[in-house]
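Trainee: Model the placement of chain B on the given structure of chain A, informed by the hints.
Order-wise, the sequence lines are chains A and B. Note that the numbering used here has the first sequence beginning at 1, numbered continuously upward. Note that the numbering used here has the second sequence beginning at 1, numbered continuously upward.
One thing to keep in mind: the hints can contain errors.
As the list claims (entries may be wrong) - DSSO-like, lysine-lysine: derived pairs with alpha carbons at most 30 angstroms apart: (1) B:K124 <-> B:K104; (2) B:K104 <-> A:K40; (3) B:K111 <-> A:K40; (4) B:K39 <-> A:K40; (5) B:K50 <-> B:K161; (6) A:K63 <-> B:K39; (7) A:K63 <-> B:K161.
Treat the hints as calculated values from the structure; they're not laboratory data.
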Amino acid sequence: MDQHQPHIVSYTRLIGIWLALLVLTALTVAITRVELGGYKVVGALAVACAKAGLVIAVFMHMKYEGVLLRWLLFLAFVTLAVFIGFTFFDVLYR
Amino acid sequence: MSGHEHRDDYGAKLGMWLFLFTELLLFGGLFLLYAVYLKRYPHEFATGGKQLNWVLGSVNTVILLTSSLAAAMAVTAIQRGEARRTVALLGGTILCAAGFMAIKYVEWSSKFGHGIYPGSEHLKAGPPGESVFFSLYFLSTGIHGLHVVIGAILLGWIAFKVRGGELHAGNNILLENGALYWHLVDLIWIFIFPLYYLIL
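In isolation and in its complexed conformation, chain A is listed as follows (with noise of 0.2 angstroms):
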């Protein structure tokens, strides 16, 4: 693992998922613009959530590291679950 390989990601590439980020923020912004109630939350949630999946995949290179550094950022991500989510089951049941 120490044997770091550098792994190249290609201009187009790279731009393949700029040109999808800015797909997604277009269709963030046109769900919010009609009235979907409380769906409009959880459908922009969900395209934020894709987008910065796309940015640590490819823009971080996240995708191409080894075990350890995904172990770690399952581990952040779990960890602001866990923070989140109970904050919630005292708030919602209070």
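Mentor: Coordinates of chain B only, in the frame set by chain A:
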């Protein structure tokens, strides 16, 4: 620089990611505050959110995504040994950062012009939920803006090192880590944008 120097690129990258996780938790805390207060004051948050300009927010989103593309391409460029292109791409990222901050300035000063800023008489006279909304808005976009400024300075410093030949295909971890920091700034905005400008 040739010869043997002691470097641990993997360790440097690991350290950067650990730092980014603490950043995620910092902004995670702000998003949590947002979510809890949104539940308590849904109407006041809706009134507050409608006062934000979603067009300017969208333009800033496009600018920031483009800046991230340039930063990611700069990493590819340095890995391929294209120093001039690396510097140009980093310049593009910094230009986008300046554009982002200029739009932020327009947004904030228009709010200030309407008497909306933390602790203002206008907000004190209004419902508490609206005051909470704008406090969180200024806090989140303010800390994010600070990150944009720091990231731009960091990438500017790195660009000088690339131009001076100190960073190159064989030694580019500083640029990779700088780009990682920049992508984090982008990542946070990806969530601030829908939460404050769109869903309310």
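Trainee: Evaluate each hint against the coordinates.
Mentor: Evaluated hints:
1. B:K124 <-> B:K104: holds (24 angstroms)
2. B:K104 <-> A:K40: With a Cα-Cα distance of about 25 angstroms, the restraint between B:K104 and A:K40 holds, given a limit of 30 angstroms.
3. B:K111 <-> A:K40: holds (26 angstroms)
4. B:K39 <-> A:K40: Since the Cα atoms of B:K39 and A:K40 sit roughly 16 angstroms apart, the hinted pair holds (cutoff 30 angstroms).
5. B:K50 <-> B:K161: The hint is violated at about 44 angstroms.
6. A:K63 <-> B:K39: violated (36 angstroms)
7. A:K63 <-> B:K161: holds (28 angstroms)
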